[in-house]
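S.K.: What follows is the residue order along each chain.
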Amino acid sequence: MIFLESAKNLFLLILGCSFIPLAVAWVTFARVSMARIEKAMKRDGLDRPCPWDGVGGRVVWYACAIGLPIGPWNPVNDPLVDVPLLRQYARPVDRKLGLAFVVAAGTFLAIGIFGIFVFDFS
Amino acid sequence: MPEIRFARSTRRPSDIVGDDPDTLKQFCVANGVGEHAFLAEGRAYSLDAGDAKTRSIVRSINSLPLAERKNAANATASMGDGVHTLSAFAEEHLSFFDLKAINSAVNGGSGAAYARLSGFQKAVADYQKKLMELQDSYRRHSGPGRGAYLAKIRQQIGQAYQNLESQYRAELNRFAPEAFRAKNKGGALSSAGRGIRLAERSASPATPDPRLNVADTIQADRMAKLAKGFNYLGNAAVAVDGAFRVGKVKATYDAGGNWLKESSRQMTGFGFGGAAGIAAGKATVMGGTTLAASIGLTAAGPVGLAVVGVIIVSGALVGIGIGYYFDQMGKNLADLLWDW
Chain A
1 MIFLESAKNL
11 FLLILGCSFI
21 PLAVAWVTFA
31 RVSMARIEKA
41 MKRDGLDRPC
51 PWDGVGGRVV
61 WYACAIGLPI
71 GPWNPVNDPL
81 VDVPLLRQYA
91 RPVDRKLGLA
101 FVVAAGTFLA
111 IGIFGIFVFD
121 FS
Chain B
1 MPEIRFARST
11 RRPSDIVGDD
21 PDTLKQFCVA
31 NGVGEHAFLA
41 EGRAYSLDAG
51 DAKTRSIVRS
61 INSLPLAERK
71 NAANATASMG
81 DGVHTLSAFA
91 EEHLSFFDLK
101 AINSAVNGGS
111 GAAYARLSGF
121 QKAVADYQKK
131 LMELQDSYRR
141 HSGPGRGAYL
151 AKIRQQIGQA
161 YQNLESQYRA
171 ELNRFAPEAF
181 RAKNKGGALS
191 SAGRGIRLAE
201 RSASPATPDP
211 RLNVADTIQA
221 DRMAKLAKGF
231 NYLGNAAVAV
241 DGAFRVGKVK
251 ATYDAGGNWL
261 KESSRQMTGF
271 GFGGAAGIAA
281 GKATVMGGTT
291 LAASIGLTAA
301 GPVGLAVVGV
311 IIVSGALVGI
321 GIGYYFDQMG
331 KNLADLLWDW
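Protein chains in written order, with the numbering used here: chain A, 1 to 122; chain B, 1 to 340.
Excised from the complex, chain A in its bound form (with noise of 0.2 Å):
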């Protein structure tokens, strides 16, 4: 078993297992929700929260506002995102979904971090 060889291939390992849970999260949460609250703005006759975004980074920026409760942490007046409008928009299903994928980026962060520091991946 290649992984147990070393402690660096079972990081790698652990790694790309909580890569999976993020993957998923993303796909679902970009395709389910953040379409699904574009197309409702669009239809109202709003112009899309993100004007900086070209590449679906936005879509770490909704989960957050979605996801996490306001507070230090998703402040109501977030310089790159309107917040208070996505929320009016949310279903409870996307703040499931919301909160999943922080969850799931943060755990894949924090690991992938620990590697940094721990490892040599230069």
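Take the hints with a grain of salt, since some may be wrong.
[Unchecked claim] Distance ranges between label pairs, derived from CB positions: (1) B/W259 <-> A/A23: 41 to 49 Å; (2) A/R31 <-> B/Y149: 49 to 57 Å; (3) B/M267 <-> A/A110: 46 to 54 Å; (4) B/A255 <-> A/R91: 51 to 59 Å; (5) B/G158 <-> A/F114: 55 to 63 Å; (6) B/K25 <-> A/A40: 36 to 44 Å.
[As the list claims (entries may be wrong)] Simulated pairs of lysine-lysine, DSBU-like, Cα-Cα distance not exceeding 30 Å: (7) A/K42 <-> B/K129; (8) A/K8 <-> A/K42; (9) B/K261 <-> B/K250; (10) A/K39 <-> A/K96; (11) B/K261 <-> A/K8; (12) B/K129 <-> B/K152; (13) A/K8 <-> B/K129; (14) B/K248 <-> B/K261.
Read the hints as simulated data drawn from the structure, not as lab findings. Backbone N, C-alpha and C define an ideal beta-carbon position, used for all residues, glycine too.
Start from chain A and add chain B according to the hints.
M.R.: Below, chain B alone, put in the same frame as chain A:
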């Protein structure tokens, strides 16, 4: 930089510049009007016939819908001689999009656009709305009850300004120096009394047309271009990264190496790096804004906005840095999976 004025009432070019044929001709050419045509109320014009830019600027302002032009004229009138206040305000605090939001909140009153405005902008919008109400009533409201009605609006203006002053002192001081507070000086943001005076003075028919420093329009234009530029930059970065990776796979193929393995390495690196880079960038922006808020800088204030700029740039840099490591990890994982 030509000075743009907004016609307060409908009149002929000769009413503005007089009957001298040469001056009249120059004025008409610069503003794109016929000598006997009328300048409608709210139409922008300029007396700087010698400036080469005048014609295009006047044309671009006049291509705005009438409602927006009137709004600009009203806002200019209620900000008074403090054109610099207005332009500093627009340049430093209100991006093009925020300016649009303020105007639509003033016009629409409620709804989603209003919810967009963060605290300070909302307070300014309320104050401006009251000033414009006073300006309008001063001009049109006549007959019995006029005095009492105007007094009521003046009182409401005082309250709106107090709200602005008590909650956003730091932002206010930036645009209207404390020294002007007790005097009849500066722009409408200096004090409620100054705002009321400017609104009433600009409403009286004897005053000249409201003037607008054109630098605003150009800056607004620049802001919009900048926002679009960021968008293209993001797309271009991804395309360049993709092309770079394809190039590596092609090089491996040309050298007779295992190009399938190389392509799986590059793809995993791309996915890991991209996902982690974006998420880490967001996390940095989140942490940075929380930190800024904890030391009393709100994103709404002009100072806060500069801080937010730094945070966003550092967020992007952290994203790129983290993305690099996750790219390496993705490639290593792909190597392991390939050999497994």
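S.K.: All hints, please: hold or fail.
M.R.: How the hints compare with the structure:
1. B/W259 <-> A/A23: 41 to 49 Å: Given a distance of about 24 Å, which is not inside 41 to 49 Å, the answer is violated.
2. A/R31 <-> B/Y149: 49 to 57 Å: 56 Å, holds
3. B/M267 <-> A/A110: 46 to 54 Å: 24 Å, violated
4. B/A255 <-> A/R91: 51 to 59 Å: Holds: the Cβ-Cβ distance is about 53 Å, inside 51 to 59 Å.
5. B/G158 <-> A/F114: 55 to 63 Å: 58 Å, holds
6. B/K25 <-> A/A40: 36 to 44 Å: 55 Å, violated
7. A/K42 <-> B/K129: 28 Å, holds
8. A/K8 <-> A/K42: Violated - the C-alpha atoms of A/K42 and A/K8 are around 47 Å apart, more than 30 Å.
9. B/K261 <-> B/K250: 12 Å, holds
10. A/K39 <-> A/K96: 20 Å, holds
11. B/K261 <-> A/K8: Judged against 30 Å, a Cα distance of about 20 Å means the pair holds.
12. B/K129 <-> B/K152: Judged against 30 Å, a Cα distance of about 14 Å means the pair holds.
13. A/K8 <-> B/K129: 63 Å, violated
14. B/K248 <-> B/K261: Roughly 11 Å separates the two Cα atoms, so the pair holds.
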